[in-house]
Amino acid sequence: MRTSDAVSGTMAAALGAVLIVASADLDPLPRQVYGAGTFPKVVGGLLLLMGGLLVIKGLKQRQAWARWTSKVALRPFLQALAAVVASVVAYVLLTPVLGFPIVATALLTLLFRAYHRQGWWRALLFAAVATTMIWIMFAQLLHVPLNPGLLEQVLYR
Amino acid sequence: MNELMQAASMVFNGEVILVIFAASLFGLFMGAIPGLTATMATALLVPVTFFMEPLPAIAAIVSATAMAIVAGDIPGALLRMPGTPASAVYADEAYLMGKKGKLGLALGINVTCSMLGGVIGVAVLALFAPRIAEFALQFTSDEYFWLALLGLSCAILVAGGDPLKGAISMLIGLSLALVGMDSVSGQVRFTMGSYDLLAGISLLPVLIGLFAITELLRSLPTAGQQASKVETPKGKMLDGVAGTVWRYKGGVARGGILGTLIGALPGAGADIASWISYAISRKLSRHPEKYGTGHPEGLVSASAANNAALSGAYIPALVFGIPGDTVTAIIIGVLITKGITPGPDIFTEQGALVNAIFMVFVLANLLLLPLGLMAIKGAGRLLAVPTGILYPLILMFCIVGAFSANNTMFDVWVMLGLGLVGVFLMENDFPLGPLILAFILGPIIESNFMRSILKSDGDLIAFVDRPIAMVLAILAILTWTLIIASGIWRGRKGGGETKAQVKAP
Numbered sequence: 001m002r003t004s005d006a007v008s009g010t011m012a013a014a015l016g017a018v019l020i021v022a023s024a025d026l027d028p029l030p031r032q033v034y035g036a037g038t039f040p041k042v043v044g045g046l047l048l049l050m051g052g053l054l055v056i057k058g059l060k061q062r063q064a065w066a067r068w069t070s071k072v073a074l075r076p077f078l079q080a081l082a083a084v085v086a087s088v089v090a091y092v093l094l095t096p097v098l099g100f101p102i103v104a105t106a107l108l109t110l111l112f113r114a115y116h117r118q119g120w121w122r123a124l125l126f127a128a129v130a131t132t133m134i135w136i137m138f139a140q141l142l143h144v145p146l147n148p149g150l151l152e153q154v155l156y157r
Numbered sequence: 001m002n003e004l005m006q007a008a009s010m011v012f013n014g015e016v017i018l019v020i021f022a023a024s025l026f027g028l029f030m031g032a033i034p035g036l037t038a039t040m041a042t043a044l045l046v047p048v049t050f051f052m053e054p055l056p057a058i059a060a061i062v063s064a065t066a067m068a069i070v071a072g073d074i075p076g077a078l079l080r081m082p083g084t085p086a087s088a089v090y091a092d093e094a095y096l097m098g099k100k101g102k103l104g105l106a107l108g109i110n111v112t113c114s115m116l117g118g119v120i121g122v123a124v125l126a127l128f129a130p131r132i133a134e135f136a137l138q139f140t141s142d143e144y145f146w147l148a149l150l151g152l153s154c155a156i157l158v159a160g161g162d163p164l165k166g167a168i169s170m171l172i173g174l175s176l177a178l179v180g181m182d183s184v185s186g187q188v189r190f191t192m193g194s195y196d197l198l199a200g201i202s203l204l205p206v207l208i209g210l211f212a213i214t215e216l217l218r219s220l221p222t223a224g225q226q227a228s229k230v231e232t233p234k235g236k237m238l239d240g241v242a243g244t245v246w247r248y249k250g251g252v253a254r255g256g257i258l259g260t261l262i263g264a265l266p267g268a269g270a271d272i273a274s275w276i277s278y279a280i281s282r283k284l285s286r287h288p289e290k291y292g293t294g295h296p297e298g299l300v301s302a303s304a305a306n307n308a309a310l311s312g313a314y315i316p317a318l319v320f321g322i323p324g325d326t327v328t329a330i331i332i333g334v335l336i337t338k339g340i341t342p343g344p345d346i347f348t349e350q351g352a353l354v355n356a357i358f359m360v361f362v363l364a365n366l367l368l369l370p371l372g373l374m375a376i377k378g379a380g381r382l383l384a385v386p387t388g389i390l391y392p393l394i395l396m397f398c399i400v401g402a403f404s405a406n407n408t409m410f411d412v413w414v415m416l417g418l419g420l421v422g423v424f425l426m427e428n429d430f431p432l433g434p435l436i437l438a439f440i441l442g443p444i445i446e447s448n449f450m451r452s453i454l455k456s457d458g459d460l461i462a463f464v465d466r467p468i469a470m471v472l473a474i475l476a477i478l479t480w481t482l483i484i485a486s487g488i489w490r491g492r493k494g495g496g497e498t499k500a501q502v503k504a505p
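Chains as they are written, first to last, in the working numbering: chain A, 1 to 157; chain B, 1 to 505.
Chain A with its partners taken away, still in its complex shape (with noise of 0.2 Å):
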């Protein structure tokens, strides 16, 4: 989604400005006026600067606040986007439950069935096999602890 230079623009000052008031308790060095806060506040002084710049650009060439403007349609974009966010989400909250395999392998189905289109077994079977290679390269080559879970007994007996 397009907005208009205005909208970025304040959300850039509003960035800096944070950052300013967050690194306003920071102590300078010993005997120094510089110090772990001095850095933040000439990025923060510099995002209020470029953000306001931008800010009168989008005012003055009256853009629209906000418009579609992306090569795909709305509709579709937003579809991936929660499909995207809620693969995530679920990822995150299942994992320490349910472990690596069986929430991989149930989110991998409905992606595959919802982008694939080809029908449930053939999603279920795609996406045992990937989550197979997956753990197989991940979890056995270079020994990242992806959480077992429900599986642990069957994988590691």
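Hints were generated in silico from the structure; no laboratory data involved.
Wrong hints could be hidden among the right ones.
Unchecked claim - Chain A is faced by these chain B residues, among others (derived, beta-carbon under 10 Å):
{"id": "1", "residue": "G186"}
{"id": "2", "residue": "I213"}
{"id": "3", "residue": "L216"}
{"id": "4", "residue": "L220"}
{"id": "5", "residue": "A223"}
{"id": "6", "residue": "I389"}
{"id": "7", "residue": "F424"}
{"id": "8", "residue": "D429"}
{"id": "9", "residue": "G442"}
{"id": "10", "residue": "D457"}
{"id": "11", "residue": "G458"}
Treat the numbers as computed from the prediction; the structure is a model and nothing was measured.
The C-beta atom is built at its ideal place from N, Cα and C for all residues, glycine as well.
Using the hints, position chain B against chain A.
Frame of chain A; chain B shown alone:
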């Protein structure tokens, strides 16, 4: 000589050769599929390289990117859809050549000139980088501060588009780099009480978020739309290629050298190199009217330039530790996590490693020819890979990759957050290159600034009292004046145009 022998023994061992080959195949696959870029390939490779020794890690990234840029030419010629942005400028030209029945010649030129351009780039890199490094040995924290600042400022200017937006993108990167414990005073900044943020935001989730999740969010809506059946070239692939390349040998050399130089500029990568090289080739051509009708001359020059730019970007990265593009920014990040800080010292202290990196470059570029030809033959199958399967798989790879940085779910959240920010920024024409460069250069700029200020007891004049530092300072200040002036000028010009449009009937 001893160093060269040592380097050769480092490169020619089973693991490194296997990594080069496997990474090339991975790059080939990623580059050939429109929507997946060389940077995305690198971002997805990084979790794997975390577990490797420094040389195979660099070899993997070098080979994958070089191959991805070449493979990006294939869908350009077959479908008029460039596989990576670096092939965009001549996709039309190659496609039109295909329409004239010269598909094999177009793709043969792409692969051959990419290899030649890549080799020219490596030669320039190997020849000049050690010389510049000798000179850079005199640099102190003052020069490094200005150099890093200048690098960032150039990145904004060459990123194209509105420099104000480039500058804001850079400042967002610097803000992200500020989070965590300050390296000089040890004070904790902007962690909001989170234990996970004490060591700062990790590079890997930022990279995957910005370059993989962002691209995925833009590509996923089109998943499942199969490409129409493509025709691949039949018969001998290299027929007529040697003759054409020889006829335009000047173009290959110019593309190679120009590409290397452009690649060496911070922020300018393979895509900008191919655009500029194509434009210059057209300007100098005896037949500029033939450009855009399926004429091989521009193709020769631009194909050489984009692969040469990949090597060029390593000059500032290895010599100063200042990345020339997003891929070298990632390489610097990988090297730092492995305890190697790129800079002039690396040439004296780890000469064998540097020479080994050059050798890897040559090998990766030589591999472009056989693997590129193989990819062209199998292009029909490559392009038929169902994106409805591929994209969800990439998402799962991203999640596991981000998690693997520190084995915490927090990094998965960071990846998602940065992915969403990345999409918003891209949709609003904020370039992502300056953001990632700033994220990596931020700590370098701040620590060199603080080191200089402590050395001089707070005296700011000390930053410019050495001649090289003063020259760099003047250049950095000039660049910033240009950025701000151009931002204001564009605002006025844009405002004028909009008003004129409103008034028009």
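Chain A contact restraint for G458 (chain B) - C-beta distance below 10 Å: It holds, given that the least Cβ distance between G458 (chain B) and chain A is near 5 Å, below 10 Å.
Should the hint that I213 (chain B) touches chain A count as held when the rule is a Cβ pair under 10 Å? holds, 7 Å
Return the status of the interface hint for G186 (chain B): holds when the least beta-carbon distance to chain A is below 10 Å, violated otherwise. holds, 8 Å
Chain A contact restraint on G442 (chain B) - CB to CB distance below 10 Å: The hint holds - G442 (chain B) has a Cβ within 10 Å of chain A, the shortest such distance being about 8 Å.
Taking the least C-beta to C-beta distance, is F424 (chain B) closer than 10 Å to chain A? holds, 7 Å
Have a go at the D429 (chain B) hint: is there a Cβ in chain A nearer than 10 Å to its own Cβ? holds, 8 Å
With a cut-off of 10 Å, does the beta carbon of I389 (chain B) approach a beta carbon of chain A closely enough for the hint to hold? Where the cut-off is 10 Å and the nearest Cβ of chain A is about 5 Å from I389 (chain B), the hint holds.
A223 (chain B) as chain A interface residue, shortest Cβ-Cβ below 10 Å: Status holds, d = 4 Å.
Restraint satisfaction for L216 (chain B) [CB to CB of chain A, less than 10 Å]: The hint holds - L216 (chain B) has a Cβ within 10 Å of chain A, the shortest such distance being about 7 Å.
Go through the hint on D457 (chain B) and say holds or violated, using the shortest Cβ distance to chain A against 10 Å. holds, 8 Å
Under 10 Å is the threshold here; is the Cβ of L220 (chain B) close enough to any Cβ of chain A for the hint to stand? Nearest chain A Cβ about 4 Å off; hint holds.
In summary, the structure agrees with every hint in the numbered list given earlier.
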